[in-house]
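Colleague: Taking the hints into account, I'd like the entire structure generated from these sequences.
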Amino acid sequence: MQKHLRDYAKMLPSADVNALPEREKRVVTHYNERSPISHDTNVEFEKELTFGQRLADKVASFGGSWAFISIFLVALVAWVALNSFILARSSDSFDPYPYILLNLFLSMIAALQAPIILMSQNRQSVKDRLDAAHDYEVNLKAELEILGLHEKIDELRESKWNDLVSMQQEQIGLLTRLLKER
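Residue numbers for the sequence shown follow the numbering used here, beginning at 1 and rising by one.
Simulated from the structure, these hints should not be mistaken for laboratory data.
Each hint should be verified, as a subset may be incorrect.
To be verified - Straight-line Cα separation of at most 25 Å, SDA-like style, residue types lysine to any residue; simulated pairs:
| no. | residue 1 | residue 2 |
| --- | --- | --- |
| 1 | K141 | F68 |
| 2 | K127 | G64 |
| 3 | K152 | S38 |
| 4 | K160 | E137 |
| 5 | K47 | K152 |
| 6 | K141 | V43 |
| 7 | K141 | L156 |
| 8 | K25 | L175 |
| 9 | K25 | G52 |
| 10 | K58 | E48 |
| 11 | K141 | S35 |
| 12 | K47 | E22 |
Stated by the list, open to error - Restraint-style ranges between C-beta atoms, simulated for each label pair:
| no. | residue 1 | residue 2 | range |
| --- | --- | --- | --- |
| 13 | K152 | P21 | 26 to 34 Å |
| 14 | F85 | F62 | 43 to 51 Å |
| 15 | D128 | I86 | 46 to 54 Å |
| 16 | D131 | Q168 | 53 to 61 Å |
Cβ atoms here follow ideal geometry from the backbone N, Cα and C, with glycine treated the same way.
Modeller: Right, dumping it as structure tokens:
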């Protein structure tokens with residue numbers, strides 16, 4: 001991978017960018033333009049969601065919360081209490097024990113809730129893939145920037161080294177002249 005990026009870095013000034021894969025092409029373009037590549041993928045992802053997808057996400061979010069569990073438990077206890085203790089005495093019980101109507105409602109809730117949660121999870125995995133692709137692009141550009149900085153530092157060090165060698169040669173020349181004059 002490191003060699004691959006160095007090849008990109010060498011190619012950048014004069015390369016045929018069109019030969020690169022789309023993702024790398026975008027990174028090279030941002031690198032050459034010195035423009036930021038990072039952006040908020042959440043905003044872009046949220047803009048593309050339909051009403052049904054947003055609703056499914058909210059239902060899945062609520063279905064996996066303590067509030068839902070608490071409300072559901074209270075409703076179940078109330079159902080059982082109402083049909084077993086309160087209405088059972090007056091024979092007006094609309095769902096006597098073994099609570100067949102309650103089982104039907106629970107099955108319907110589960111049958112609706114499961115695909116909604118799966119849809120929400122599928123969207124989350126798509127979002128995670130988009131985030132990973134964006135992270136790759138940002139990391140690739142950062143690596144190219146770091147490689148560029150390393151090259152600049154190496155050039156600067158080489159330049160300073162050459163300056164030092166030339167100063168030493170001047171000093172040796174001056175010392176040699178001084179020794180000849182004695």
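Colleague: When the structure is checked against the list of hints, which entries are broken? Sort them ascending.
Modeller: Of the numbered hints given earlier, those the structure breaks are 1, 4, 5, 8, 9 and 14, listed in rising order.
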